[in-house]
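**Q** Residues per chain, in single letters:
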Amino acid sequence: MSETAVGGAGASAEEAPTVSVTIDGVAVSARPGELVIEAAERAGVFVPRFCYHPRMDPVGVCRMCLVEISGPRGFSLQPSCYVRVADGQEVRTSSEKARKAQEGVLEFLLVNHPLDCPVCDKGGECPLQDQALTHGPGDTRFVEEKRHWAKPIEISPLVYLDRERCIQCSRCTRFADEVAGEALIDFAFRGDAIEVATFPSRPFSSYFSGNTVQICPVGALTAAPYRFASRPWDLEQVETTCTSCAVGCRIVAQSSAGKLVRYLGVDADPVNQSWLCDRGRYGFEANGEGRVSSPSRRKGEGHEAIRWPEALRQVAGALQAAAAAGEGRVGVLGGARLTNEDAYAWAKLARTVLRTDHVDAQLDDGLPAATVLGLPRATIDEAVHARLVVTLAGDLREELPVLYLRLRRALAHDGLAVLECSSVPQALSAEGATRVGYLPGEVARLVGALTGDAEPGEVPGADRSGVVTARRMLAAAAAGGATRGEGVVVVLGRPNLAEPAVGYAEAAALLHAALPGARFLPALRRGNVHGALEMGLAPGVLPGRVGLEEGRAWYESAWGNLPGATGRGARELLEAAAAGELDVLVLLGADPLADLPDPDLARRALEGVGSVVAVASHWDASSSAAQLVLPAAAADERSGSTTNLEGRVTRVAQKVVPPGTAWPAWTIAVALAAEMGDDLGFDNLETLSAEIERVAPSQRGIDLDVLGRPAHRDGLVAPIAAVGVRVGRRGPRLIDPIATPGIASVEEQGAPLVVGDAVALGGQPAGIAGAGPTGSRPPLLGPPASSVPATAPRLDAYSLRLVVGRTLYDRGTLVAASPSLAPLRPEATVRVHPSVLERLGVRDGEPVRVTGPGGAVELAASADEAVARDLAVATARLGTGERPGIESLVAGEGPIDVRLETI
Amino acid sequence: MITDAAPIVTARVGHDDSHTLEGYLATGGYEGLRRALELGRDQVRAEVDAASLLGRGGAGFPAGRKWSMLGRADVTYLVVNGDESEPATFKDHLLVERDPHQVIEGATIAAYALGVAQAFVFCRGEFALGLERLTAAVNEAYAHGALGRSIFGSDFSLDLVIHPGAGAYICGEETALLESLEGKRGFPRIKPPYFPAAIGLYGAPTVVNNVETVSNLPWIVRHGGAAFAALGTGSSTGTRLFALSGHVRRPGWYELEMSKVTFRDLIFDPSLGGGLAEGRSLKAFIPGGVSAPWFGPEQLDLGLDQEAVGKAGSMLGSGSVVVMDDSTCVLRAAWRITRFFHRESCGQCTPCREGGGWLEKILRRLEEGGGREEDLDLLMDACDNIAPGVSWPPQQTTICVLGPSIPSSIASAVRMFRDELLLHVKEGGCPLRGAR
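Those protein sequence lines, which keep their order, are chains A and B.
If you're matching positions, the first sequence starts at 26 in my numbering and goes up one per residue.
If you're matching positions, the second sequence starts at 72 in my numbering and goes up one per residue.
Chain B on its own, in the form it takes in the complex:
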């Protein structure tokens, strides 16, 4: 049932020394970069185009197209986004910690293809071990000639700087990340005009790629874009790293060929999630991170496919799948997610700053017994004032997409579990409290 595609980004993570240069070189490390330097810039770009590699950060924008939009300027930058901070998302964490050289090699290939001489890895500050290993790996890469002047004797030079984030989720948003990298508050910029490809870091054209996205590059260069595109179907090519959490027997990360595997496989297959606990049934699951609308059991047979999930009204997003069984209070789940977004709002624009806090207070009041029937409509209307229409893909009254991420869980809970929410009102609190 599960495809036999070989892992691409997690091929080494089972080895204890996967993070060392020695271990990396012994497993084909930096072959991709050497190959890229032989192929030349244009050919590398052609391979990435052929691979039709989608960005792995959440928005799923084709990496090749993103590269082609980079503005021409004397100075351009590449920034690798490793600020993964969302609850239930832990794929970049793995890659940074277990295979830092792969991140560096991927970044270097990207920089080479883009003609960039300065790259940054903005890495979540809480990845203590990851940062330690990434920093050591950068030093090793410089010593090895894979970074710095004349990489592997070519005329290509690249400096790579590791920048630890200071603990704000919003800095994972690419323009907030650039502000933070510039030493300012992590306030997202308004697009347009601040598309990073046009006006990015220090005002220069900048490509921002996710850690997982660049981690795919060494493989693509070594094996060719066509081999990558042969995996998966349609626009969802290659493999993807999924972070499975919640009420499953085997939570964790799984690198799976895209589209070929369904959510049912991921959650229930004994080699993957392994199903729910004895006697439990599936209530709902989040297909792509806590900012995505929820799915119910009826969507279990959807493939892990960007397009299909999008059509069904949610997103594959960051590849984090959260499973909720029938013991879950959906109101409490929505409240906890809303609390996260409320606390992580940058505070810059009104609907998200104030709306997040207000929604959280209403949800908590419902959960704790002070709910009113009209609160359900109020929740939906306040959501509508952040994301008009409360539809998918969302519209927004805010600068960045953190705002319209808030309504996802709330609207899912209200729409899918209206009766359960009304039960909270009627019973003066959570009806499941005793059951747990």
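Just chain A, with the same shape it has in the complex:
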């Protein structure tokens, strides 16, 4: 593992270059094994190219990068993207012979290219256009008829193919096969009749299809949402972070005429390495649909717009009354869509002004905050270079697609060992990961069997040989490091909403106790859920990974009085609301009516609570039911920072203005505090960010100023003090200049990560408004202690245990509001083993009734050999008003057993 931890000031260590080559007469030091094109580029010599992509294996097919390379038989023309440097090698990139070859290839490429640049989306940012000018012959000698084909072809609902423009570089087909692992497109036919094609009756339905559009060096592949949307010279852009899920891919957000039109992936080495999932790529469309654009008050069945002063007065009035009635009369739910700064402001408002610790950014669909924040954290780079990755999470392909992409590549390409613990086989085991199963509710028992000293007993849902193999894998990997478990990374999530979260907390605690050296990558899915937890939007947790009691003295000196008792998590909070024990429920972008695993509880809570205030960007089920709605700015409409699942903090930037009079959520908190006669201590983003850096222990050394420096565009992993800044393998630090056109910042990404003066830890910057905390900094949360796992109830012979997983395109607010993504939702089904359907006498695809403790739903049955015989597998959030989804069966914590009946 070429991992380097950088403490205080200093540059990251790079592997020492040891090969000396001469490129165009200049001596260059290159890394052994480096490609000639890469060495040339670092030396400032650009060699034209099309098929070469720094994140894929070279193939040397387009021949554009031909240069003269010296060899035993003198100089010969060789593809510089394919040949690796050798000591003493001499390279001529622009000799007469090399230039003639390059011009010749470019002329050949244009032979059948339609040259329809004026009507091509790629025109203006087209590597073929650019390189025709820089490395082409400048004139055409081709007078024959070009090849003609019908175009464009819709190869998926999101991607169109223009075969005439294609130059057969194979970037797209290689991406699909090599990176995504879904070879749904490939070449058909041969010679100049060769074309990129899908397989008969199988569209290019990939969660990652947009990447092929981004890396297409011509206008052959275009994305349906961007076709004819803008010209490149009309685009404005900022670099920011995608908050569609918790991976935190770096992107540029581009707008035209004040409207978001495109996201492009940026090559952030430790995170997304230029890739994006389609949900992230096209999710920005949601910004334009179904927005709350004005403060609103419920009137009859709908809402009426009111003005901000009136809205603030009414909300503040309700909150003030609740706060006056005593501690814990207000609940604050949600926060995963906020920035870190928003979340901090609301965490502070709740504790100090609203007098409540009933705050929770998760909707009973994640893991206990103490588990997430307390376990030793891994980075994605550590995971892909681990001795062993153990996944104990939902299907990462569905939940955290780019994390899946990184792990899949490491698994399929670099030999990473992966152990998938799952009730239902997931994408990683389909790609070759070893899998061990378990019956929902028995996860802690499985982990006990894998890590325990004694011979493992029977684990329901797991076959014995699978347990033995997994145990052996884990033991072998765990023994490799200095501390037991070092080099093991556990991806810990919440795979099944019909199964208690506590099982996963117990499993994690058991793993930590058995393997103290193992690190964890918490696979919570929601956009900035990690930032919200980090900023204290969880009961009993204060900003900076501090427990309420441990941090009381510190925070009371910084903030003032805190609530006396630990608050309730989402489920208990809503139960209290349903029981009439809450006066006000504040929804911070949360939609419990649609999102809570138990929607009936959400309905009862919203009915039972005194009033519901929604701070919302979109009209969703819950904001539509709120008495008062305050419009909030959404992604790309406000600046700040966000935190991904590694704890990596990156900047998010504003590109467009929010609709109507929507505000960033932190300003709403500030305004409400002021309306209630209080002062949160900050009135601009800079002082807010500085206060977080100063007060929140895990955030020391990290503020917007530090994050804004070019060297920190990939973010900083918190806490800096505890782990140092972990610099991943600085892979090829070459960013393909033709891969992401027009992104000036990407070249700077190669700058070594420098921990500069602002990260001089422990200092207290002067001149910041608000009281400075006194006393010693509280300790960060530690790993939870392990306990004896609870046992799950036995499954009776007539029932099936329910697995409620997630899918990438569901009825969530953002997908529903994205016109390109909403139609991609799959049909709601219940997947069972074929023998279950046989017993019922039901055919594949026919509807069945699924009955559980929370009621009954009708779903199409789907026979699937991969599903164990005692399971019923369904996907959350695919139901509609008329046809309720599987979540209406979820009541209580689970596990939940259901029965299937014919209709």
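Calculated directly from the structure, the hints in this document are not laboratory data.
Each residue gets a CB set at the ideal place from its N, CA and C atoms; glycine is no exception.
Among these hints, one or two may not hold up.
Partner residues aside, some chain B positions facing chain A, computed with beta carbon under 7 Å [what the hints assert, rightly or not]:
hint: 1; residue: Gly-85
hint: 2; residue: His-86
hint: 3; residue: Asp-397
hint: 4; residue: Gly-418
hint: 5; residue: Cys-420
hint: 6; residue: Pro-422
hint: 7; residue: Arg-424
hint: 8; residue: Gly-428
hint: 9; residue: Lys-432
hint: 10; residue: Leu-449
hint: 11; residue: Asn-456
Since the structure of chain A is already known, use the hints to place chain B on it.
**A** Relative to chain A, chain B alone:
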């Protein structure tokens, strides 16, 4: 004039039952393999080295040296290339169809010498009868103990699989063949690093030998490498199977001792090509397959010798000799050859994929009357961008040698018959059209 050397690979093809095991055994079949098993691995290799047998697929690389380059690994493979698909080349077709057991015996001897336990014959899919006979022969060989476990009671075992090609010429290129054999598209691999001897089939070291090459092995083992080397001269030893086509009275295959016979003999000797049709004169001939540069009457007295032909600026290649008399439109000939390469380009790399099509269009336009004088220079320059220098042996901007095969016929036509091409421009089409 013609040497009296006995045929080596075509000794049996005159018999109707030459493809059957019975017929094969009656004519000394599998004696070579038995002898090889007696001699031992090292001695067989020594005999092949002594024979200085050149590969018969086209490149003419010494078979013994190719064998010695095979990388060491737990698993290695032998692949016999029977994907002969080039226009005017039909020697392997004959061997597969008329003497399949000889191919199997040769492959088995090679596998034994190489210590390989798994061999493949990649056979052109269009050889319907050949495939039928080869498959039957493999079954017979297994039953006879010449394939499978403990061959003829020895401790040597070999499995041999017949794989029919799917109709792409490029799969005759050895690395494309290996890709195809692995079930992928027949895209040639880049050498280095993908020299089959180092990284071949399924990434394992692999020897790829031509059908004719392995067909020589039973004879070499039975008669000794020295006897083989005694035939021919210099580096061109033994006999070779030539495929003669075009404007001769007696087209067909001729197995001839190498070097001892000239092109004049092959084309004009009454026992061989038998000369041209009455009143016709020789315009040009292709000495070694359609990817080779052409020769004119002045090269007729060159011997059928790899080295001599190479020195004269072309190649003996696959041993296909195409004769063009004075009724031939050389432009049309070059166009037809270019059209073949254009259609058979795998499409992987740009110069061949696009260059082939462009050149074909220019040639057709010249032939059909739309030519311009500058087209001749354009043809040569486009050729230069596929094979820089347009010289022999060619340099290349492509991955495999299909690309630089394209310019051969075009450059030959332009260089040897510039006036005739210009006449096409002047007369607005082919001046010979009426003459035919």
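**Q** It remains to establish, for every hint, whether it holds in the given structure.
**A** Here is what the structure says about each hint:
Violation of the interface hint for Gly-85/B is found here, the shortest Cβ-Cβ separation to chain A being roughly 39 Å, above the 7 Å cut-off. Hint on His-86/B is violated. Least Cβ distance to chain A is approximately 40 Å, over the 7 Å limit. Nearest Cβ of chain A to the Cβ of Asp-397/B: about 30 Å, over the 7 Å cut. The hint is violated. Interface hint status for Gly-418/B: upheld, as the beta-carbon distance to the closest one in chain A is roughly 3 Å, under 7 Å.
The interface hint given for Cys-420/B is met, as the beta carbon of that residue sits about 5 Å from the closest beta carbon of chain A, less than 7 Å. Interface hint status for Pro-422/B: upheld, as the beta-carbon distance to the closest one in chain A is roughly 6 Å, under 7 Å. Taking 7 Å as the C-beta contact cut-off toward chain A, the hint placing Arg-424/B at the interface holds, the least distance being around 5 Å. Annotation: interface hint on Gly-428/B holds; nearest CB of chain A at approximately 4 Å, less than 7 Å.
Hint on Lys-432/B holds. Least Cβ distance to chain A is approximately 4 Å, under the 7 Å limit. Interface hint status for Leu-449/B: upheld, as the beta-carbon distance to the closest one in chain A is roughly 6 Å, under 7 Å. Look at Asn-456/B: its Cβ gets to within about 3 Å of chain A, closer than 7 Å, so that hint holds up.
The structure is inconsistent with the numbered hints 1, 2, 3, although it conforms to all the rest.
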